[in-house]
Every structure is written in structure tokens, then in C-alpha cells.
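Undergrad: Take a look at the letters that make up each chain.
Protein chains: 2
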Amino acid sequence: MRVFGVDPGLTRCGVGVLDVDNRRKATFVHVNVIRTEATLELAHRLGILAEQLSIEIDQMKPDVIVIERVFSQLNVRTAMSTAQASAVAMLAAHQRDLPVVMYTPTEVKAAVTGSGRADKKQVTQMVARHLNLAELPKPADAADALALALCHGWRGVGQQRIVDQAIKFGIKI
Amino acid sequence: MRVFGVDPGLTRCGVGVLDVDNRRKATFVHVNVIRTEATLELAHRLGILAEQLSIEIDQMKPDVIVIERVFSQLNVRTAMSTAQASAVAMLAAHQRDLPVVMYTPTEVKAAVTGSGRADKKQVTQMVARHLNLAELPKPADAADALALALCHGWRGVGQQRIVDQAIKFGIKI
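Chains A and B, in that order, are what the protein sequence lines are.
Numbering-wise (the numbering used here), the first sequence opens with residue 214 and increments by one.
Numbering-wise (the numbering used here), the second sequence opens with residue 214 and increments by one.
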């Protein structure tokens, strides 16, 4: 299963792609940060993001798009632009008939580090360790996108194994 | 000038289209409310909205898309989904090389009723009067989309006349 993680943002949008096998072994595929200039008009920025995300999705051919769930943040302006960037990512997925799954930052941190209250540095270190990366992924948006993909890879495969076992043993689910 | 107004929303997205001539005379063209079911997944709802808005824009062939500027509202959840719906509208405009203009609700109310604190009923009544509509546009989202288009029609034409006069009298602007 190829997982395409998106840490949505207008100034920096993290993209992290990895493959997860049936035994939950994750292999790093790709990481990137899409940037748009704050001086451009909002519609233009959303257009650039849509275009770049579409190119990456079409190149990577993922099975699923995983996006960080946006919550009200302290800075309402940031929350709004994050919500708009996530809308662009959801639309790109929907237009390609790809399933969209969302996780909260707490769910992602818990899955990757074991603690929902881990800080950015801990998340980055654990992502690098899990994926056997020689260097720490930078900036934080890149690490977060990989963490999202990891979170889903593990959960998604876990769920798929439950379904497979159920089918194997003839259990109705 | 044909103006395509969008009152962004996921449950109800108002669309109001009108023509404005050089003397600021506005003529009603079209009004609609695009709805998406709250039971559908968010990506699916955004997909439906994008598709429906694209169809309407392509049919109407406007010169400009006018969208209500999203502010932090009391209900953060609503503000988020409004931000996402407006992102979809901005993207549809950008992908057609159409300019996007945004106004705050206060600017729209002031332009249409003379008061930035007018209520929904007053806005609806003034929109119907300005456009010589036999019936009041319903629901409020439809009236708001027409009010947005009116607001820009008047402002936009006014600005264009200033530019025209400046050119006529050789004034550098």
C-alpha cells in the first residue's frame, strides 16, 4: 500500500510518501515541501498548491491520501489558510477517486512516538528512525507529512489484517 | 460586465449572477443554491461543490468571481467549512483565469443597504428592489450571493469609470 501524507499549509505544505507492506514495514519513497509566496493573491496560491499536489499525486500513484485534520488553532488566520489548503488536497484526491483519511495531530504523534504530546523534534527523530533515514527530514512540515503517512500505514494495514483474518476464518464483519 | 457572486458554504452555497452596464445599471441573470448532504464525506462534498460551481461558471461566462471574505465566526466549525468552500470557489475561478474579488459582509451590506449593520431581511429586500425582482430571493444564501455581485458591480464599474476618465483627461494613475 502506497500512502501519500499531506501536512496542509499555504506557505509550506508537507508531502510525505511511503510504502507499507502487509507486515507493517514502512519504506520511504518521497518527501517534499510545496511552497507558495505570501505576496501572491490567495486564489493564485491555492491554484499553485492544487497544481503541484496534482503533479505529485499523479507521479506517486498512491492508494490513499492522508491529511492532517484541521482544528481551530490559536491563530484563526492560520487555521483558515490551513483549512483552505486541506480543501485543495481533498479535492485533488477526490478528483482522482482516491480515498481520503484524516488524523488529528495527537493521533499522529501517538502512533509515531507513543505519546500524543510529543514535540516536533521527537516526531522528526522517530520518523527518521522508523524509516531508516540517514538524515532528519526537514522542515517540520516534511517530517509531519511522513508521520501522517506512517500513522495511516500502520493503522490501515492493521485494519486490513483484521479484515483478512475475518475473511480467512469466515467471520462476518 | 458579468459578475458571478458566491456566498460560500458547504451545506448551502449561494450563487448570484448579474450584468452591470457602464451606468451601474444591474440586471438580474441567475440565482441558485448549491447544496451538499452533510452525511457525505468532506472530500466528497467539496468535490460536488467544485463540480457544480464549475458547471455554473462555464454556463454563465462571467468576467469576475466575487466571493464573501471569510472571517472567524463564533462557530469555528462553520468558519472552517466556509473557508474550505471559498477555497473551492477560488480554485474554480483561478483555473479559468478569472479574477477573484472578495468583500467582507459589512462591505456588502453597506453597498446594498447603505448600512453595514443591516440584517438579512433588509439585504434581501434591497437586492430585490435594486434588481426589480417580483419575488424576494430565497434562501438568504441566494440573496447574499446577489448582494455580493451587486456590491462589486457598483464598485467595479465606479473604479472602471475613474480609470476611463483619467485616460480621457490624460491623468496618470
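Don't take each hint at face value.
[Stated by the list, open to error] Only part of the chain A face toward chain B is listed, based on derived beta-carbon distances under 8 Å:
| hint | residue |
| --- | --- |
| 1 | Val283 |
| 2 | Ala296 |
| 3 | Val301 |
| 4 | Ala341 |
| 5 | His343 |
| 6 | Leu344 |
| 7 | Leu346 |
[To be verified] Cβ-Cβ distance ranges computed for the label pairs, FRET-style:
| hint | chain 1 | residue 1 | chain 2 | residue 2 | range |
| --- | --- | --- | --- | --- | --- |
| 8 | A | Ile268 | B | Thr319 | 35 to 41 Å |
| 9 | B | Leu349 | A | Ser328 | 35 to 41 Å |
| 10 | B | Glu348 | A | Arg282 | 39 to 45 Å |
| 11 | A | Asp271 | B | Arg236 | 24 to 30 Å |
| 12 | B | Gln335 | A | Gly327 | 40 to 46 Å |
| 13 | B | Thr319 | A | Asp310 | 17 to 23 Å |
| 14 | A | Thr224 | B | Asn245 | 30 to 36 Å |
Please keep in mind that the hints were generated in silico from the structure rather than gathered at the bench.
Note that the Cβ used here is the ideal one computed from N, Cα and C, for glycine as well.
Undergrad: Next step is simple, just say for each hint if it's right about the structure.
TA: Hints versus structure:
{"no.": "1", "hint": "Val283", "in the structure": "6 Å, holds"}
{"no.": "2", "hint": "Ala296", "in the structure": "4 Å, holds"}
{"no.": "3", "hint": "Val301", "in the structure": "6 Å, holds"}
{"no.": "4", "hint": "Ala341", "in the structure": "30 Å, violated"}
{"no.": "5", "hint": "His343", "in the structure": "27 Å, violated"}
{"no.": "6", "hint": "Leu344", "in the structure": "27 Å, violated"}
{"no.": "7", "hint": "Leu346", "in the structure": "30 Å, violated"}
{"no.": "8", "hint": "Ile268(A) - Thr319(B): 35 to 41 Å", "in the structure": "39 Å, holds"}
{"no.": "9", "hint": "Leu349(B) - Ser328(A): 35 to 41 Å", "in the structure": "56 Å, violated"}
{"no.": "10", "hint": "Glu348(B) - Arg282(A): 39 to 45 Å", "in the structure": "42 Å, holds"}
{"no.": "11", "hint": "Asp271(A) - Arg236(B): 24 to 30 Å", "in the structure": "49 Å, violated"}
{"no.": "12", "hint": "Gln335(B) - Gly327(A): 40 to 46 Å", "in the structure": "57 Å, violated"}
{"no.": "13", "hint": "Thr319(B) - Asp310(A): 17 to 23 Å", "in the structure": "41 Å, violated"}
{"no.": "14", "hint": "Thr224(A) - Asn245(B): 30 to 36 Å", "in the structure": "34 Å, holds"}
Hint check: violations occur at hints 4, 5, 6, 7, 9, 11, 12, 13; the rest are consistent with the structure.
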